[in-house]
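Please take these sequences and the hints and turn them into a complete structure.
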Amino acid sequence: MQVFGFKDCQDTRKALRFFAERRIAVHFVDLAERPASRGELRRFAERFGAAALIDRESPRFHALGLRVAGDSPQRLLDRALDEPRLLRTPLARSGPRLALGHAPAEWQAWVDAERKAAQA
Numbered sequence: 134m135q136v137f138g139f140k141d142c143q144d145t146r147k148a149l150r151f152f153a154e155r156r157i158a159v160h161f162v163d164l165a166e167r168p169a170s171r172g173e174l175r176r177f178a179e180r181f182g183a184a185a186l187i188d189r190e191s192p193r194f195h196a197l198g199l200r201v202a203g204d205s206p207q208r209l210l211d212r213a214l215d216e217p218r219l220l221r222t223p224l225a226r227s228g229p230r231l232a233l234g235h236a237p238a239e240w241q242a243w244v245d246a247e248r249k250a251a252q253a
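Sequence positions in the sequence shown follow our numbering and run 134 to 253.
No wet-lab data here; the hints were simulated from the structure.
Treat the hints with care, as some may be off.
Stated by the list, open to error - Just the calculated beta-carbon pair ranges, DEER-fashion: (1) Q135 <-> A253: 18 to 28 Å; (2) R248 <-> A196: 22 to 32 Å; (3) R146 <-> R167: 16 to 26 Å; (4) R156 <-> R193: 10 to 20 Å; (5) A196 <-> A246: 18 to 28 Å; (6) K140 <-> P206: 20 to 30 Å; (7) H195 <-> G228: 15 to 25 Å; (8) R248 <-> R189: 34 to 44 Å.
Ideal Cβ positions, reconstructed from N, Cα and C, are used throughout, including at glycine.
Shown next, in the form of structure tokens:
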């Protein structure tokens with residue numbers, strides 16, 4: 134289980150707490166210290182679309198003036214490589230499964246599937 138996000142992000146903390154409460158080991162990647170690679174972002178963009186990965190309400194999005202710039206979602210995603218605060222977090226990954234943002238129902242399905250596989 135891997136979670137990408139920021140230590141000061143409320144939704145990222147919720148994700149980490151969710152998995153900790155269920156005793157699921159998580160590898161946390163703080164995007165402030167190590168931005169996501171192009172390949173990681175591409176994987177999430179293929180699943181959710183580039184536009185869904187960008188947090189248009191983030192203070193960084195507004196500070197950079199991107200609200201008025203009207204860049205394409207793909208161009209914004211390229212910009213997020215250097216400005217990870219543009220991303221909607223957390224980005225969670227468990228093998229081939231991906232989740233974006235606060236998605237406890239999806240995370241629970243992962244936990245249930247992993248526990249079921251462990252019992253088989």
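Hints, verified against the model:
With their beta carbons about 23 Å apart, Q135 and A253 fall inside the hinted range of 18 to 28 Å. Taking the beta carbon of each, R248 and A196 are about 43 Å apart, not inside 22 to 32 Å as hinted. In this structure, R146 and R167 meet the distance hint of 16 to 26 Å, their C-beta atoms being roughly 18 Å apart. Separated by about 34 Å at the C-beta atoms, R156 and R193 break the suggested range of 10 to 20 Å.
At about 40 Å, the beta-carbon gap between A196 and A246 misses the expected band of 18 to 28 Å. Separation of K140 from P206 is about 26 Å and conforms to the stated range, judged on CB atoms against 20 to 30 Å. H195 and G228 have their C-beta atoms about 35 Å apart, which leaves the hinted 15 to 25 Å range violated. Between R248 and R189 the beta carbon distance is about 36 Å. The supplied range of 34 to 44 Å therefore holds.
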